[in-house]
Structure formats: structure tokens, C-alpha cells
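Q: Spelled out, the chains give:
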Amino acid sequence: MMGPGLSAYLLVAAAMFGVGLYGVLSRRNLVAIVVSVELMANAANLNLVAFSRFGGHPWGQALALFGLALTVAEVVVGLALVVLAARSHTSLDVDAMSSLKG
Amino acid sequence: MSYAILAIVVPAASFLVLALVWPLRHTGRPAAWLSTAAALVSLACAVLALGEAPAMGAPPELLTWPWLVRGGEVIADVGFRLDGVSAPMLVVVTFVAACVQVYSLGYMAEEPPAALGRYYTWHSLFIVAMGGLVIAPNLLQLVAGWELVGLCSYLLIGFYWRKPSAGKAAVKAVWVTRFADIGLMLGLVLLYVQTGGFSWEAQAATSAVAAFLFLGVMGKSAQVPLHVWLPDAMEGPTPVSALLHAATMVAAGVFLVVRCWPLFEHADTLLLAMSWIGAITALVAAVTATVQTDIKKILAYSTCSQLGYMVAGLGSGEMLGGYFHLTTHAFFKALLFLGAGSVIHAVHSNELGDMGGLGRKTRTTMVLFGIGTFALAGLPGLSGFFSKDLLLEQVAHAGQYGPLAILLFVAGLTPFYMMRAWCLAFLGEPSPKAAHAHESPAVMLAPMAALAVLAVGLGYAGGPFGAMVGEPYTFHLTPVGIIATVVGLSGLGLGYAKYGLGKLQGLEVPALAAVVRAAPVDTFWAQAWSRGLLPFAKAIGWFDRYVVDALVNLTGWVAIVAAERARTIQTGRARDYLYAVALGAVVVAAAGTIGGISS
Amino acid sequence: MNGFPWLALTVLAPLVAGVALLAVPAQSRGTVRVVSVFSTLVSLVASVKVALAYDLAAGGVQLRESLPLLPSVGIGWELGVDGWGVTLLLLTAITIFAGACATWTLEDRDKDFYILLLVLVAGVFGVFVSLDLFLFFLFYEIAVLPMYLLIAIWGSSKEVKRLGPFAFLWDRLDVGGREYAAMKLTLMLLIGSAAILVGMFAMVQGSGSSSFNMLEIAERGVPESVQLWVFPALWLGFGTLAGVFPFHTWSPDGHASAPTAVSMLHAGVLMKLGAFGVMRVGMVLCPEATVTWAPLVGAVAVINVVYGALGAASQSDLKYIVAYSSVSHMGVVMLGAATLTPEGWNGAVYQMFAHGLMTGLLFALVGLIYGRAHDREIFGMGGFAKVMPGVAVFFTLAGLSSLGMPGFAGFIAEFQVFMGALAAGHWVWALAGIVGAWITAVYVLRATRAIFWGEGPPARFHELSDAKGVEWVALVVLGTCLLVFGLWPRLLLDYIDVGTLQHLAAFGGAS
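Chains as they are written, first to last, in the working numbering: chain Z, 1 to 102; chain S, 1001 to 1599; chain H, 2001 to 2511.
The following block holds chain Z by itself, in its conformation from the complex (with noise of 0.2 Å):
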């Protein structure tokens, strides 16, 4: 079988995490975050199924699956905060929302 090697899947999810943390930490804006954060999911969900298609289980397809569904829930969870966020802040800028500082 000729292809990439699982080290190539390995080092796209890395990238792609790498990616999403830097978004993550780096970002202001709500939105932009929220995308960052599926992102770092997703390239989890690579790496379950890499894992499973070279000498793992199917179980780990499977799995990934799951995360998609979950995924999924979160997106659909997390935007609606970002809505309400929204509203309830007129700006989406994270660093204005410090309302638990101690």
C-alpha cells in the first residue's frame, strides 16, 4: 500500500494543533477562538484515526466518530455562549470579559 506514512498524519495533526493553540492563546476575538478550539479537536480525532488505520483497532475509528458528534455538540454550544457573550458584552473581545477576576 502506497500512501503517506502515519509519521506525515501524525505531523499534519501536530501542525493543525499547534495551529489551534496558537489561535487559542492568541486570538481576542470570541469567535476566533471557539474555531481555534475545533481545530485542536479535530486534529485529535486525525490522530485517532490514523493510529487506528495503521496497525491500530477499529476502535479508534469509532471513536473518532464520537469526538465528531461531540464536536458537533460543542460548536453548537460554544456559539450560542458566543451569542449570548455577544449580547451581554457588545464586543466579542475576550480580554474585556475579566468579570472573575479576584
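Hints were generated in silico from the structure; no laboratory data involved.
Since we're looking at a predicted model, the values are computed, not measured.
Check each hint, because a few of them may be wrong.
Unchecked claim - A partial selection of chain Z residues facing chain S, derived with a Cβ cut-off under 10 Å:
(1) 33
(2) 35
(3) 95
(4) 101
As the list claims (entries may be wrong) - Simulated crosslink set (BS3-like; lysine-lysine; CA at most 25 Å straight-line):
(5) 1168(S) with 2386(H)
(6) 2111(H) with 1163(S)
(7) 1538(S) with 2158(H)
(8) 1498(S) with 1433(S)
Said to hold, decoys possible - In silico negatives: residues of chain H with every beta carbon more than 12 Å from chain S:
(9) 2038
(10) 2288
(11) 2293
(12) 2296
(13) 2419
(14) 2430
For each residue, glycine too, the CB sits at the ideal point set by N, CA and C.
With chain Z fixed as given, assemble chains S and H onto it according to the hints.
A: Below, chains S and H alone, put in the same frame as chain Z:
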């Protein structure tokens, strides 16, 4: 034995009834009659008990119940012990108590009913407490009675509780005597530790026990420097002074030494110390008495002085003289106090300056007071002569010449100041207050007469008394006795010449007065309280609140401050939290990797 | 063995009443009071019955009740009393009965107050009869925790001057407030509880016991190496509640801020929980370590006695005087305990009893005075005997017991402690105890004179009245007990002595 029990139980019943049935107590006079009747019954029983009491040496009559246990064994009893030491003292106590209670029917007649009821309730309690002390089968009960008579003293000195000075005097009496009781308590506990019980007959006890007990004696029997409470105690009603602070309660200390004689007998160093302390007390108090103007204060210092006599007598190593003087003194000093009360009743003042010339108005009182004066002065033939003679002879016999010299000097001083009091009160020109004086009623004079009979006659009972106490005694005059008599008579003569006839103006007592004003003892104790204990307590209170408790508060404060610091981590910025999460993930991953490698 | 469960009845009567009160509307004040007082009366009768049923000749632990709760970890409803338990059960029953009566006039949220009080006292009863350590601890916490609410809600506050090197702390902490007092008390006691819990588990583990039953632990024995650190943990843990220096400072503030019945119960009974814990759990289960640590325990107790008494002498606030005197008197208990002699232990337990009654009475009286005069500064009073003669009489009675007057229960207790101290060869302990009693005489008589004697009372106090109605019950019950147990000590001493014999056996017989 049953009479001795009744002598205590009857007043106890009277006390219980008066204490619990307050409507009866608040009626005043019926309560007084009840208590007085109980006191008289008690006296009769005590006399009968004296008749049947076994002398010392014979086995005592005992009736006891177990009181304290330890490890399943009884270590202390309560009950009654009738023997040659307790029986005479029981008679002394009940006799004086009965006289004083009868006398008080007249003296206290104008008190409000509720106060009168209270007065007699405490008097009933006093007979029980003092009787319990006297008839105790062991030292523990004696000490219990000792503290309870102290309580009666507190309550009766503070009888006029609305008067600030009375309150102060009452509290001071307890403070001082209980301070001395620190020693008493230690002695008692030490006796237990050394002998496993509270018997004064135990062989195993060392003289340290006696030494500690004597500290308590010094407080109760007002020895220098713990005598300061006794003059103040005169704030109580005069009959109370007669009973508690002259005849019986203050003598409890001397009685304790007599009672625990087996413990004291062989403590030679202690006995010598007792002689000196007693002699010094006798001297200091007698000197102070010569310059007092308050008739009760004179008698109070005189009591103090005579207690010193008794203690010095016991210090000779012979017990009889001190004990005999205790009994005779109880009667004539009670008589003197009741006489003073009669005079005070007549002029409504304690000051000698408000008296004078009372002899014309109150002839009976003058005679009775005179008998007391002469008995105290040691006029040959009266009771004081015999007991003082025996006491001095024993001190001489013990070879304690220093104390003996002091005591002989006091033997001259005593008649002098008593003569002064008698002359200033009854002779001379009446003061404005004394002009309207009147003789006291018979109910007051009768008990005084009864006491006077004993003040005269008791000296001739020395033989039977000695037999009872177990130390044979026959009267014989010795050189010491002759010297004492001569000194005493010259004291009387000097006193009469100066205050009765107005001669000897050159003989002033300013030197003595100066000594007394400078007497540092009372000031010392006052300072010990106001500059010593109280500030120390305040310092402790301050230390507790502002250091110890502050450390507790500091702990709380540190927790609060630390929490304030710690909470600044919570920036409220989501990104900071995410950084922390990412960092945490990295740490966990790294730890996992390292752990994976190493395993 | 299988007779009527008197112990369970004693413990549960107040608890059941407390729960039942939840169903009673708060408006029906009479019902609330009657139910509460009745339940405490049931406990009182049951505890007297326990005393009568206890066989003195047989000794040991009797009236056992056993019901497994968590057999897998060895926790069970194991009740039983020894001689000490009987004594303290009686004390608790008498005090809470008097306390419930003394609270009769409370009007602010009285139902809640009674509920908490009853729950609390059920915990106290439970501690004295538990044989299972876990149950013991459970009851202990039940007894301690309601105190927080009782003081924080119904307490009173006092202004405290900012002074001393730590003055900067004052504002931040609201020192002197009732919430402050409640929190300080609770936190200090909970720190103690933590130490106790650790010590308890260590003892169960160390002894290899299959259950939390104290008898089994004692039988198996705790290894000495474990004892050596467990004992101090228990001493300081329980000792905090017993007011052991320097962990006593919750007591003055706590007692001063607490409402009358709570002060009565707290100083009267709860402090005894601490001392009882030190002796029953700490000393009896760790005998070897106790011998090692006893000199320190005794030395600290000496500080307690003298320091507490001087502290009381320095105060002019009536409640603080009584609170400091509790610190001093609990020192006498610990002193007796530290002697490890039969006399000392008898005295210590007797002192728990005597001090419980006496301080209960004192706090009841202080409550009466404060409730009427709304003032606690004694030097502003004077002549109160004129307007409240009954209170004056009972105050004098309690004071006399406190200063160790023979004829009152306090004397019996203190005297035996002194005997024990000297029998153990500790001159300083005996001397300190006796000096402490003298200082007590100094401040008690001073306070009595300042409050009740003298001219007066000042005009603003002319309208004061004496105790009324049910309040008398509290005073008479406590006062009578003080006298009865002072004049006839064997009523109680026989029980205590049996307990002491049993527990001293752990030390290889009477030492």
C-alpha cells in the same frame, strides 16, 4: 456522746429551717428566738457532754461515717470525736455563742426583721461550723470547719453590707486568712501524703506538716504580719466581734495547734519560732492598743495580743498553758466586747471621745466591764491571772527568755491600756453624746453577768481542766508569776493614775504612737495588692488579650492576607487560564514521557 | 445486658425532640418550651436511672448497647458507661435541664434556638457513652458545631480596644463581635478536631484493631512509637476544647458572646468533653506515652490554673471574669489528670462535675443580671442585693464553690487534685493549685462585693427585678446539687473511683 451530737445537730436544724423557710426568717424576732433556743439547747448538751467526755489518754468516743474514698479504700471520715480536748472547747464555743445570741436579742432589736433573721441564721451556722471544727475526728474535717467559720466571719463582718467599709473589711478578712490557708492546705495535703490519712496522731508525719499548718494558724489567729484583717473585722456588729473575733473563731488557730499537738510537740525549731512570733505579736498589738481611740479597736488589738500570748505559750512545748489561756480569754474577752457593745448601744458611737462619765448612767455595765478588765489584766484571783501565770511559767521553764521578757512587758502594758479604756469610758466628765446614755436592758446584761461569773471563777477550774486535757496542773506561785503580777498591778496603777486621776501628765505615749503610725504592716499588704497582685493580674490580662489572643488573630489575619495574595492569580482573562491549561498539559505529557522512559 | 436501652434514651430524647420541634409552628412558644424542657427532663430521669442501674460492685463498662452500623470498617453503635461516664452523664443532664429552664424567657427565634440546643446536647450525651471511637468523634462534632450558629445568631458583642503590638489586626477581624467569637471558637475547635481524627485513625491502625471500639483498641494496645505522637495530638486536639493554654483564647470571647444557655452548656459541659477526651481516649489508650508527656501536661495545667485566675482577676466584665475562671478551673482538671494518681484522677473527674454545675450556675446568674441590667461592667454596679436578693444568694453560693469552700462540690474536687499532685511528688503543682484557689477567692469576693454589696444600686438600675418563675428552677437545681455533692461526696465519688480504678489499670495498677 449523744449529747455532743445534739450540741451540733440542734443548731444545724435551726440553721436549715431558717435558711430554707424564708418567710420565717423574714419575721425577724421569731427567727431570733428559734436560733437562740437552739443555742441554749446546744450549750446544755455541750455541758452534759463535758461531763461524760473521756479525758485525754483514755480512748476517745468516736462516731464517724466514711467521706472520701480512693481506689476503693476510705481515706477520710466525717463525724464526731469527743475527748478531753474537744469537750471543753465545745462548751466554750456554745457558752459564748449562747450568751451572744441572747445579748443580740437586745442589741440588734432595732434591725429590720429580715436583717435580724439573716443575722441569726448565720449565728446558727456558726455554731455548727465551729462545733464541727472542734469535734472533728480528723484534720480534714477540722479544716472544713475552719473554712466554714471563715465563711461565717465573712458573712457577719459584712452584715451591714450596704456600708462600703464593712464590705471591704469582710473581703479583706477572707483574703488574708485564705492567703494563710495556702500553708494550711499544703500541710493538710502533706499530712495525707506522708501518712495516708488525716489523723493528727499519725507517727509518720514530719515537722514540715506542722510548719505548714502553722502558717494557716498565723492567718486565722491574727499573728504578725497577718493580723491586719482583725482590727478591720470590727466593722461587724459588736456581738459578732465578741463571738467570732475575740472568743472563738480567731482562737481556732490556737485550737488547731492544741488539737494537733502530737504533730507540733516534737517540732523544736517550729516551737521556738512560734514563741517568738507569738511574743512579737503580743507586743506589737499591745503597743498599738494603747493609742487607739475606738473602743472596739482597743479590744481587737488586745485580742490579737492575747492570741500572741497563747501562741507563745504553745511554743514553750507545753500545751496546757496556751489552751487554758484560750478558754479563760474566751470568756473575759467576750465579756469585754459585750460590755463595749453595751456602751456603744448607750452612746451610739465607738469613739472613746464620745463617752466619758458613763459610770453614773450605766453602773452595771461599768462593773461588768471592770471585771473583764481586771481578769484580762491578770489581777490575782481572777481567771486571767491563773492562765497567764501558767503560760508564763511554761515559757520560762522552756528557757525561752527572749520571748519571756517580751511577754512580761506586755503583761504590764495590757492592764495599762485596758485601764485607759475603762477610765476614759466610765469616769470623768460625760461628753454631749454620753449625756443621754441609758443602761442596757436586762436581756443584754444577763449574758454579760454569766460571762463575768466565768471570767472570775474559771481560774479555779484549772485542776479538772488539766486532768481533762491530760496534763496535770496544780497552782503554785513561781518567781515569774510574782514578777508578772507586780508588773500587771503597776500597769493597772499607772493607767488609773494617768487616765482616772489625771496625774502623770509627763507619761505620754507619743513615742508609742509614732511607732504605730509608722507600722508598716497594713501599708505593706495594701501595697502588695494595689502595686503587686492587681497590676500583675492586669498585665496578665493584657498579655492574654494583646499577645496570646493576638497570635490567634494573627493566624486568622495571615490566612486572610495570604488568600488575598493568592487570588491575584485569578486574572479573569480566559487566555491566562488557557496558558495554564496548556502549560499543565505540557507538564503532564513531559512527566508521562519521562516516566515512560524511565520505567 | 439486654435491658431497656437507657443510654440510647438519654442520647436520643433531645434529638427526637429537636426534630419534632421542626413540625411545631414557631408561634406556639409554649409548646416549644414544654417539649424542650420535657425532653431534657426525660434525659435527666434516664441518666439518673443509668446511675442507679450501674453496679458499683462489678465496675467496668456496663449497660452495653451494640448495633453494627458499618461492619466492614468496624463502626458500630457501641454504647456503654463506666464510672466516669455515669458522672458526666448526670452532669450533662442536670446542666441542660437547668439551661433549658434558664432560656425560658428567650423571645428571639426561640424555636430555632431550642432545636440547635437539643441537637447539641444529644451530641454531648453521645460522647460520654460512646465506646466506638468513630461514634465518639461523630457525637463530638455534633456537640461542637451547632455552637457556631448559636453564638453567631443569638450572641452579644463587645467593644475591644485596639492595643498592643498586634493592634493592626483588630479592624480586619472585627474582634469582640459575636460573629468573630463564633468563628474563632469554631475554627480553633475544628483544628483540634483534625488532630483528634488523625490520632484516632492512627490508634486504630497501630493497634491492629478490627473495629473502632475503644475496648478492643485498649486490649490490643497501641504501639509506643505511635502513642508518642498520638498522645500530644489528642491532648492538644481535645485540650483546645478544655481550654488548655495557649489554646484557650476562644473561651473568654466565646463565653462572653454566647447567650446564657449556651454559655452554661459550653463552659459547664462542653469543656468537659475536651478534658474527658484527653483522659478517656488520650491517657487510657496511650498509657506509656502519657507517662512520658505527663510532666508537660501538668506544667501547662499549672499555667492554666494561675494564669486563668489572674486573667479573671484582671477583668471587670462579668462574663469575662467567669470565662477566665473556667480556664483556671479546667486547669485544675488537667492538673489532676496529669498526676496519674487515683486521688488526682478522682479529683479531676469530680472537678469536671463540680465546675460544670458551678459555672453553669454562674453563667445562668450572669445571664439574669445582664438580661436585666444590660450591663456587664461590675464596677458600675453595686447594691444589687437590694433589688435581686435571690440572685445575690445564688451568686454567693456559686462563688464559694468556685473558691473551694468546704461543703461545696468544688472543695472535694480541688482538694483531691492537690492530694494527687503532692502524692505524685509535684510540690509546684500542688502549690500552684492552692495559690490558684486563693486568687479565685480574691476575684470572686471582689466581684461579689462590687455587684451586690454597697450602697445603691445606681439610679439606672432601680427597676431591676429578681429571678422569676422557671428561672428559679435552674438556680435551685444547680445550687442544690453543688451543696449535696459537696456535703456527701460519696454519692458521686464511688462512681468516679470505680472508673478511675478501671482506667488506671492501664498504667499497671495504682501508681
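Q: Hints first: check each against the structure and report whether it holds.
A: Evaluation of the provided hints:
1. 33: Hint holds; residue 33(Z) Cβ to chain S Cβ min 8 Å, cut 10 Å.
2. 35: violated (14 Å)
3. 95: It holds, given that the least Cβ distance between residue 95(Z) and chain S is near 6 Å, below 10 Å.
4. 101: holds (3 Å)
5. 1168(S) with 2386(H): holds (18 Å)
6. 2111(H) with 1163(S): Given that 25 Å is the threshold and the Cα spacing comes to 45 Å, the pair is violated.
7. 1538(S) with 2158(H): holds (19 Å)
8. 1498(S) with 1433(S): Holds, at roughly 23 Å.
9. 2038: holds (28 Å)
10. 2288: The assertion about residue 2288(H) holds, with a minimum of 21 Å to chain S.
11. 2293: holds (22 Å)
12. 2296: Non-interface label stands for residue 2296(H): nearest chain S Cβ at 18 Å, farther than 12 Å.
13. 2419: violated (5 Å)
14. 2430: Answer for residue 2430(H): violated, closest chain S Cβ roughly 6 Å.
Comparing the model with each earlier hint shows violations of hints 2, 6, 13 and 14; every other hint is respected.
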